[in-house]
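Going down the list, the protein sequences come from chains A, B and C.
Going by our numbering, the residue at position 87 of the first sequence is 109; the numbering climbs one at a time, nothing skipped.
Going by our numbering, the residue at position 370 of the second sequence is 392; the numbering climbs one at a time, nothing skipped.
Going by our numbering, the residue at position 201 of the third sequence is 223; the numbering climbs one at a time, nothing skipped.
Errors might be hidden in some of the hints.
Intra- or inter-copy, both count: the list cannot distinguish identical chains.
What the hints assert, rightly or not - Simulated crosslink set (DMTMM-like; lysine to aspartate or glutamate; CA at most 25 Å straight-line):
{"#": "1", "residue 1": "Lys245", "residue 2": "Asp143"}
{"#": "2", "residue 1": "Lys248", "residue 2": "Glu455"}
{"#": "3", "residue 1": "Lys319", "residue 2": "Glu455"}
{"#": "4", "residue 1": "Lys248", "residue 2": "Glu436"}
{"#": "5", "residue 1": "Lys248", "residue 2": "Glu53"}
No wet-lab data here; the hints were simulated from the structure.
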Amino acid sequence: MTRYTYTGLAAAALIAVPQLGFAQDAPGFDEIGPYIMTTLLFCMAGFLVFFMAAGFAMLEGGLVRSKNVTMQMTKNIGLYSIAAIMYWLVGFNTMYPGDFNGYFAIGGQTVLDPVGVAAADAALDYASVGSDFFFQLVFVAATASIVSGALAERIKLWPFLIFVVVLTGLMYPISGSWQWGGGWLSEMGFSDFAGSTVVHSVGGWAALAGAIVLGPRIGKYGKDGKVNPIPGSNLALATLGTFILWLGWFGFNGGSQLAMGTVGDVSDVSRIFANTNMAAAAGAVTALILTQIMYKKPDLTMVLNGALAGLVSITAEPLAPTLFGALLIGAVGGVIVVLTVPMLDKLKIDDVVGAIPVHLFAGIWGTIAVIFYNSDASLTTQLTGIVAYGVFTFVASLIVWFILKAVMGIRVAEEDEINGLDMSELGMEAYPEFSKG
Amino acid sequence: MTRYTYTGLAAAALIAVPQLGFAQDAPGFDEIGPYIMTTLLFCMAGFLVFFMAAGFAMLEGGLVRSKNVTMQMTKNIGLYSIAAIMYWLVGFNTMYPGDFNGYFAIGGQTVLDPVGVAAADAALDYASVGSDFFFQLVFVAATASIVSGALAERIKLWPFLIFVVVLTGLMYPISGSWQWGGGWLSEMGFSDFAGSTVVHSVGGWAALAGAIVLGPRIGKYGKDGKVNPIPGSNLALATLGTFILWLGWFGFNGGSQLAMGTVGDVSDVSRIFANTNMAAAAGAVTALILTQIMYKKPDLTMVLNGALAGLVSITAEPLAPTLFGALLIGAVGGVIVVLTVPMLDKLKIDDVVGAIPVHLFAGIWGTIAVIFYNSDASLTTQLTGIVAYGVFTFVASLIVWFILKAVMGIRVAEEDEINGLDMSELGMEAYPEFSKG
Amino acid sequence: MTRYTYTGLAAAALIAVPQLGFAQDAPGFDEIGPYIMTTLLFCMAGFLVFFMAAGFAMLEGGLVRSKNVTMQMTKNIGLYSIAAIMYWLVGFNTMYPGDFNGYFAIGGQTVLDPVGVAAADAALDYASVGSDFFFQLVFVAATASIVSGALAERIKLWPFLIFVVVLTGLMYPISGSWQWGGGWLSEMGFSDFAGSTVVHSVGGWAALAGAIVLGPRIGKYGKDGKVNPIPGSNLALATLGTFILWLGWFGFNGGSQLAMGTVGDVSDVSRIFANTNMAAAAGAVTALILTQIMYKKPDLTMVLNGALAGLVSITAEPLAPTLFGALLIGAVGGVIVVLTVPMLDKLKIDDVVGAIPVHLFAGIWGTIAVIFYNSDASLTTQLTGIVAYGVFTFVASLIVWFILKAVMGIRVAEEDEINGLDMSELGMEAYPEFSKG
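Chain A with its partners taken away, still in its complex shape (with noise of 0.2 Å):
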């Protein structure tokens, strides 16, 4: 086919010309115009929100000695391409079951529309199907991602992999159906814009369970109940990962609107992009502060995980705060990632990367908070929905993990461990020529 130009080729007559679609009786824009709007916010927002994969995996990468940071960067593209392939096999049709009683309803495999699918057989209330599957397809991989970094530098990669496989396929887009598909709580009136419990939580909950069954780090807490802190590699990747997540949640957050084809539409997208930003930079302020007064020098891990936790917390109701309101949302998010770190530490979970504090202890008051500015939520309700994703997700979890521990362990040899993982499990090293690791 030929890529027609605005000379004019003389092959001209072989192209497919664009307004083909606007034939004689074809619907015009005031029709088609917010299809179009909304299928492009998902595929705008959808690669956005890919390419917060990058943004984990640098992140984690950055967080994780040199010794592991293969397996880290081998177990992020992994989890993301397996999450790819289940829900397209049968998480989204799960998750947003035609056939559905409000609970539980296994779908099959994505169809997506026809090509040129033609105006009269499209969705023109809300964007075609391949638009909407891409954007919520990346939303499940940001799921896994929370846990891969939490369980990293002891976790064996097959086991992790397959726990990816069943959290991908069937446990987030079930109890994602509960909200988004529609489901009971949805009926009850919980209210989760964008998933700082759909999605977030739930990662945090599947990491928690992984960390108890796994057990921590060799060497991360003394016989004597000192912690001992494991300095991750490389600050400046770490950096870039969580700038890079913040610029994929623009797209998390801006496309949970769903549309774009109106004027209330863009300019709600366009206010929770604001409202965004501000809450992600009062929570990184806030570690910034909190943590040059609790222990006299700025620590910019915190820092990183207080924008990350300013950016969960708005995740719940991104829309409706003023920007006033949205700094207050983010700054808490900020205080809690500072205050809870240590507490997790206290009970000897380890949590490499601070997945946790910050996808599950930010999820959850950002959920709640949701009621400070949505008139429709309740605190029971929302309460509701934390403790039912919260249960389901943490039991199914620690199910999954122990059934992996005893049929196939899940955690390397002491002795690989201390080697690290590249060299004992993948034969390969991230940093060959610099590392003392």
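Knowing the structure of chain A, use the given hints to seat chains B and C on it.
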């Protein structure tokens, strides 16, 4: 709330259907299309310019020594976050004041459009407040990033961040209002499309003032007048940063068209993309060839800065030039960087990343070059604007830097500088396993 | 000029109000909407594909040894910049010639639409020249990036850049015109949607010719026939590069729909997004499983190249396949990479980053796979196109490489290669504080 999908849910009745905005007497796309497209332009350009914060962080993190990388990361995420808060608190409405004498008016907090704003209440001839605010906000953050690069490796964290508070909340918005807020320079006919002067020179002047007050790094200038090069620790990171900045510049210049809803406007946005890209390419190639000729070896850091100087140069007028004009403008930018980096060293002004040549000198050139392609611009007016921004920003910055120096000191102790700011100020190395730094 | 804001400035009268394009007798959105959307598609897809330049740089910079990283960065920013200039000077109008015999016509400089082009003067059935030029330009840069990876760690800078001049100014545009310029292959019915052959194989053939003429790196192939693996210096960077390329590919394939202003077109763009993502995921998972089976340990560099091979494979026909079809096409791409990387080594063709398996071999596969999903394509025609591009590009490249070898030499001295190109050719290390090189 439910995420509506194509399958037609039982719960569909619950859903706020996107096309409701097109109820019987709602305005059609001929009326609302431009508003939607321009709001989208600001969102899209906004996230691209947001990502420049990561670009600056990586560029600067790559050009400092490894012992100062954590500090550079902390400064960059900190400054962006502070800029976001200050611009909301006072900056945006100071820069775009409603009741304005043309010189100075302090505004209050930014108030977004209401949720789901009706077409009748929206600025249909422009864009949503949220998108406009977000787009302008990411510009002010860029200004602050310029300062952070020049003053790296010796400035204390908190005085720097306090300077950012003043720069982003007051200095930049006040001088910005002269031009983009419809103030006296705008009325005089000064022309600066996307901010060669309003953004980049301003950052450069603030950096220059800081570099003079702060003094050079220990060991940079020998007692014999010899200039000791201090190589950056990670040129892959610096290259990544440059590419990210180049990417962001499509939003920086393209978004400054401020409209995308007509044939002329969207074509102009694309024209700006093409010209912006050409100027960057020309700046890079010029620096490549020139360093080959002058030093017999191409200098990567000069090539990176050459690309950036090309970008800064085209920023004052990315629309009017032909592609060949953009090439010439960018190429001169590349020449300026190669020639002025050594010049600053002769003056013993220590600019760690070359921010002053790139943003100030190329910014001045770009502002002058407007007269070659924009017949509405005059040399006198352009020079008036350049001088006005220079005097105001340089003097105001000097005053702030001197106050900070007097009140709390702006420079770390000699021993701390030698040991690196990461350990002395933050207690956290960026590359704890690698560095010999 | 003023930046108009919602507050209603005193200076508002100065402002070119966006909606002026909708004066009484101006065309409405039904007429101009498709032009606006397609121009936006090219701008958006264009910046995504632009960012692939960073992706290639990071991928290649991560896969070479640290002593050659500065050189790899210099080559990649240099080649992009040269491509941008050459494609303007001659390439674009050679590839999309107005007066054309179907085989060969050299065009002149690209001329953009005038500023603020009127609807009556614009290509309303397509998009603005600036957007089209920018979108096509970033493709040619990708071709050149492929060559840079394969020939890393031993080629001199300037001969490489001169090859890029010829490749991007003449070779790629001439052969590209056969298909996308409406030339003989297009008339014959050859089908290559986004460039598995036109872009990727061409880059691969040019790289193959170069690798043969240049010879392998010192120490890569032992006298006893043993292949010595030379590990990359930074797998985190290589992973980042792969994610960036994956991101950019949404623009690469999605933008190649060349239209976004109808229900069918925008749905097709989203369908392409979903298929592109699936093929990449399948390529990655396939390589993960296959290297586990073959070598007992998953190989991250193979997984990265597997994802890329999946992307190249789907590029010839990202629209027609179902998601399952995309999975199969991508999975075969992953298999190809895992099997052909060792094959090249047996032939002692030293391809540093695996560019030839990924871009050439998977590109051939993708071009053949078109026949399974596109009933307009025939095996004979597809093979004709593959062979035509192969013969032309390989022979022309060989000639250019031999001329460069004869005239100025293309390979650095043995001692310089051993010491690393960074110190010998550029005098600047990428990681001066870390490397044991």
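Q: Classify it for me, Lys248 with Glu53: is the Cα-Cα distance of at most 25 Å met within a copy, between copies, both or neither?
A: neither (65 Å within a copy, 66 Å between copies)
**Request:** Please work out whether the CA atoms of Lys245 and Asp143 approach to 25 Å or closer within one copy, between two copies, in both situations, or in neither?
**Result:** Cα proximity of Lys245 and Asp143: none, with 66 Å in one copy and 65 Å across.
For the identical chains here, do Lys319 and Glu455 meet the 25 Å Cα criterion within one copy, between copies, both, or neither?
Cα proximity of Lys319 and Glu455: across copies only (21 Å, versus 32 Å in one copy).
- Are the CA atoms of Lys248 and Glu436 at most 25 Å apart within a copy, between copies, both, or neither? Cα proximity of Lys248 and Glu436: one copy only (20 Å, versus 34 Å across).
Check: Which holds for Lys248 with Glu455 at a C-alpha limit of 25 Å: within a copy, between copies, both or neither?
Finding: Result: close only across copies, 22 Å inter versus 33 Å intra.
Hint compliance for this structure: hints 1 and 5 are not met, and every other hint is.
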